[in-house]
Structure formats: structure tokens, C-alpha cells
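Q: Protein chains in written order, with my numbering: chain A, 123 to 408; chain B, 48 to 285; chain C, 24 to 261.
Treat the hints as calculated values from the structure; they're not laboratory data. Check before you lean on any hint, since a few could be wrong.
Footprint (simulated), chain B over chain A, 3 or more residues, beta carbon under 8 Å [stated by the list, open to error]:
| hint | segment |
| --- | --- |
| 1 | 168-180 |
| 2 | 205-217 |
| 3 | 305-311 |
Ideal Cβ positions, reconstructed from N, Cα and C, are used throughout, including at glycine.
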Amino acid sequence: MHIPDGFLATPVWATLDAAALPALWLVARRAQNGLDDARIPRLGVMGAFVFAAQMIDFPVAAGTTAHLVGGALLAFTLGPFAASAVMAAILAVQALVFQDGGILAFGANAINMAILGVLAGYAPMHFLGSGRWRRAAVFSGGLLSVLVSAAMALAELRLSGVPSKILAPSLALFAIAALLEGAITLGVVEALEGIQPGFLRKSPQRSSFALGAAGLAAILLATVGVQFASAGPDGIERIANQAGVAYRAASAGSGWTAKALAGFAGLAAVYGICVVAARAARRRSA
Amino acid sequence: MHHAVVERWSRGTSALHRRDPRAKIAVLLVYLIVLATAHRNFALIGVVLLLLVLAGFLVARLPVSRALARAAVVLPFSLAFAAALWLVGDPYRGLTLVTKAWLSALAVLLVIATTPLPLLVHGLESAGAPRFLLTIAQFLYRYLFVIAEETAHITKAAASRGATMRGLLGRRARFRAAAGALGVLFARSYGRAEDVHRAMLSRGFSGKLETLGTLRFRTADAGFLAVTSALLVGVRAL
Amino acid sequence: MNPLVDVRGLEYTYEDGSHALRGVDFQLDPGETVALLGPNGSGKTTFVLHLNGLLKGEGQVRVCGLEVTTGNLAVIRRKVGLVFQDSDNQLFMPTVLEDVAFGLLNLGISPEQAAVRAQSALENVGMALAAQRAPYHLSAGEKKRVALAGVLAMDPELLVFDEPTTFLDPPGQRALAALLTQLPQAKILVTHDANFALAVCSRAVFFQEGRVAGAGPVEEVISQFEWSFRSPAPSAVR
């Protein structure tokens, strides 16, 4: 899911870098929560845990294995903002130290995995979290976090001119990976509850409506992204024309504005929903 | 290649090692942008950029072939992608993709191999990246190998459980064992984090992490930045 | 002469309800070296965590002439140096020098001064050359010495060691013992290693189920409680 440098078209990675900057700053501030640096050691160590955990192989079928990605697990145990911060740190270390994921593409990867993926993973917990739906919430959180990240990545590749014939099979693979993430996340959560019952319930999370809404928005955006990714060139032109944006076929350098606009539009939609939801939440609690 | 090797490389003393990390970060960004936006004359530009990076490794007195091999870690994924692109009839795109991915990885590797990570983080911070996230990344890096070792121990134990059971039951048992291993690892990591916090408190930690060094941007750094950037922009204009 | 450590009637119960300390009395004079012996779970580590305020129980705890209260913690944590069992959790900074300087920076010392003092503390434990290295790559013995340097740099009056010989091989144990016997500060050693206790400490205190069950010269305590591998088959320890 980590997109290397060289895969995305310039308007796409540039837009996402620009969008990721304020998003990461916001995440950093909210995760710190005015508590100085006291949280840093725990977040760093848990980030190392997820990093290392990604190396544990879970048997799937016929000799294939899957591994945990971890966004949803972090969201459940640390809260969504802290989870985003940790995922961002993981991505940074992966990109710089292990050259896994590009530098210019960092904004895209951060938005896909650290922000939208975590939000989508958190949303089920917010809406279904307690009581008998808990296991379903955990499972679907894992599933959605991978699905949303993957859908976004594929949409960005499509937007960069990669033919959908290549992307469609990837989507199928990602769907399977998403199911596995759900299963693995649930497995780990249950193992944790066995070791320390009530652990998850103890973690204080300020579950806000705005966050849940943002999670839904992320899922929505990803659904659009999936359609986009799997649509043929005609389909894209139709969608673009309907949105009133002139679209040109992907040849180097042209269609700059169109692609940038498309990218911006998507992200603006997410931000817009977040703002509206936040205002609605404030009115509720007022 | 183990990361310990790259860490050792980063402690060298060449002219490139001694440059301010901010200058190196800026040059890296220029390089990556030149590479990303190159379309016309891509073959020529690619060759020149490769030569520039190789020159960098030579100046840094680092083993070139090992660096090339290390950067090749991006190749499997990119080559698979390129193969797929070739199958749908766009081999040129696939080729440019692989080249760009590999050259980018090389450039990043050069920076990492000539800048100790703490210094790089200082540079990023003074360039405006959020300190909170960067410090998390530093702690993450510090405990990554410690926890990776622990993981290896735990998985060896877990792997033996259900190893002889076949079919679905066997897979289920191994799945459970792996999930259990992760659960234990999670709990241990959480406990380790608390120990670290206690150790910090014991030496007077009162909420803010202080650091030792301040970076000093020298004339040599400015010169390096100006010359290399100009060179790169010139390459782009080819 | 006032005792350096004066604990009377210390009681402590953990969150999960376990009654870890049931009225402990303990005194230590300046310059003394005492070993805390006893079975796992007898309260030795819980006890020492009260000496720098990491835990707060009921009863009196006076250290270096001060009552251990929230207001005094900053001073007490400078005067009491705690060396933890797992050095990895104590060396949490990216480089050795930064770690040793950590406590100094928290005391408000300038970065330049802190770097100088940290370097000299490293020299005192024989680790001056490791200043720029990442803690992960050090051996267990080297890590222990760096952890000690980080504590010594703060100029403490009391040193507390929690199981210092865990992870150390015999040469490492000998080196640590030699280092400790040269240090003038008062020392408390929580240890399972009877030989190490004999080499470094003048007296011992035996913990059992949250209480002090015996005290005296090290050999006497060891033989009284049959606390050595070479003891005859142990009768029930009352």
C-alpha cells in the first residue's frame, strides 16, 4: 500500500502533500492534547510494536500469509488522533530509513493510511463500540481501515494515469487483505482482553460525533475513489463532465488543472464534511 | 542488508557527512522534484541523475555497489507493476516508473547514509515539521530493533504451536497462536513504555524533552545547496 | 550523623489489591552499601521505587534529609540515582551522549555545559568513545555503564541498583563490581546474585512478603536464609 516515488503524477502528489501538511499538524496538536511530551514515549514504543508486529505472519491458505497493518488496532487502544500520529511516524521511518514509500509521495501515503485509514478504522468503534456489537465493530474497523487506504491509493494511481485494467485485480487482492486485517485485529484484541480484561474499556477516548462523521466521510470518499479507480477512460470522462471539469487523457504534463481540481475536490469534500459535522456536534452539546 | 550497516555509514566524516542536514534535505527535495517532473529526454536526465547520485556516494566514501543493491529493495514491487503495464501495452511508462522509483530510493539512501538520524530529525524539525511527530518517530526508531528481537523470540515459540496439525484446524491453531503472540507483544510493549516513562521521571523529566545540539548553517552548506540545486535545475532543463 | 535514608512503617498496596509492603523500616548511612535480598515478589523493587517518589505509600520516607513529597521530587531525583534492571528502557535517547545529558538538561543546565559534563561522566565509566553511538548496538555491560554515567552525571548522594547483574556475563559482573566499589556514594543493591552482594556490599537486608525478615552482614544473612545456590537443601524459610 506504500506508494513509492515515481508512481504518482505531479498534480496528484503535490496536491496531497499540500493537503497532508495541515492535516498532520492538526493530528499532532490533538494527539499531544496539551500534555507536553509525556505521551511521546508510549506512542513511540507502540509505534515500534506495530512496526515489528507487521513482521508476524498469519497463515491464510495454501501457504500464503498475511500481516497486520495496525491502524485500527492503534485507533482502538490509543484513540484516533494518537493512532494517526503513530501511523504517521511509522510511515516516516519506513520512507526515510527503509525507503518503503516515497518522499514526495509521503503526503499521499500519510493521507491514505495515517489519516483516512485510521478514521475509517475508528468509525465502527464509535458507532457500534459497546455491547454485543463490539466484536463486529473491531472486525469492521480493521476491514475498513485497509479498504479505505487501498481504495484511496488506487484512485490516486488511476488519477495519475495508471490503466484500470491493472488496478482492478489489485482491488480484489486488497479486499482479501482487508478481511484478513479485520480477522487479525479481532484476534489480537481478544488475546489482549485475555491477558488484561477490561483493558480496552479502560482506555479513555473522547469519542466525538465529529470523529465518527469524519470516519464515515473517509469511507464515502473511498467508495468514490473505488469507482474512479475501476472506471474505464470513458467512465472517467463522463464523471468528470458531470462534475463540470474538463478532463484530458493522461499524457505527460497535460490535464494538470483537471487532475489537481479533482484531487482538491475530493479532499475539500472530506474537510467540508468534517467542518459541518463539528459544527453540528457543537450545536448538539451547546 | 542489515540496517546497522547504514547506521555505521552515517557516522562517516566526509565532506558530504559534514554538511548541514537542512541543506541535504533541500537538495534531496530538488532532486526528487526534478526526477518526478522529468518527461522530455527522460533517458538522458535519468542517466545524469544516476551519475550525480553515484558521485555523491563516492564523495561520501561509501561502497557504491552495496548502496545500489540496498536501493534495489524497491525493485520487486516496481518491476511487477512495470510488467503489468507492459502487458497492457504501455512499456515505456513501466520503464520510467521503475527508473524513477529506484533513483528516488538511491537519493534518499544517500541522505540517510550521510546523516545520522538524530541530526536528520533536528534538521526536519528546524525546517518546520511537527516536533511531536518527529520525536515519536525517534522513540519508535530507538525501540524498533529491541521489539523486533522480542518479536522473533515470541514467534519462534508461537510457530511451534499447531505446527503439526494439518488443514483448517492447524491453520486455526496457528492463527490463534500468532494472535496470542501479538497480544503478548502488545502488553509487553505497553509495559516497556511505562518503564521508559519511569526512567525518564527518575532523571527529572518534567514534561518537556530537551535536546543538546543546535544546527549551524555555514557558508559551505549554503554553497553546497546553491551549486547542487542549480546543477539539478539545469539537468531538468535538458 | 543523620541517616541518608530513613524509612519507617512503609506500607504500599498496588492498584490490583496486592499488599506489596506491610510496614518496612530501613535506615542507611552516607557511604554505606547495602544489599536487598529476598524472593521474587517480596517487595524489594517496590520498596526502592519509593526512594525517589515513583511510588507513594503510607508511612515515613525521608531521603537525603528531605521528606519525599511532590514538592521535593525535583531535588530528590537529582540526589537519588536509580539504575533500572533493563538498561534498554533507561537509555531511551537516540545517542549515548544525549542520554547521559538528559538529566542535566532537565536540571536546567545549558546544552553546552551539559554536553561537557556528560562527556566527562562517560569518561569516568570508561565509555567516552561511545558518545555518538546509538544505545541499541552496545553490549549489556556497556549499556549498564552508560546508564550509570547518566545517573552519576547528576551528582547524586545515593545510588540504587535494581538487579544490576541481570544480562551481564561474569566478566561484565566483575567489571561492574569493580566500578561500584570505587564509587563513594551510598548504594542500595536489589539483587539475587549472592556473590555480587558479597563483593560489593557490607551489609544485607532480607525481604519477605513485604516485610524485613532479617538484616546484618552479608554472609550472615545469606547463610541465615540459605540464600545461595551452594546452600544445603533449603528448609522452609520462615
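Q: Within the assertion that chain B covers the segment 205-217 of chain A, do at least three residues meet a Cβ-to-Cβ distance smaller than 8 Å?
A: Contact hint for the segment 205-217 of chain A vs chain B: holds, 8 residues under 8 Å.
Q: Between the segment 305-311 of chain A and chain B, see if three or more residues pass the 8 Å beta-carbon test, and mark the coverage as holds or violated.
A: holds (count 4)
Q: Do at least three Cβ atoms from the segment 168-180 of chain A come closer than 8 Å to Cβ atoms of chain B?
A: holds (count 11)
Checked against the numbered hints given earlier, this structure breaks none of them.
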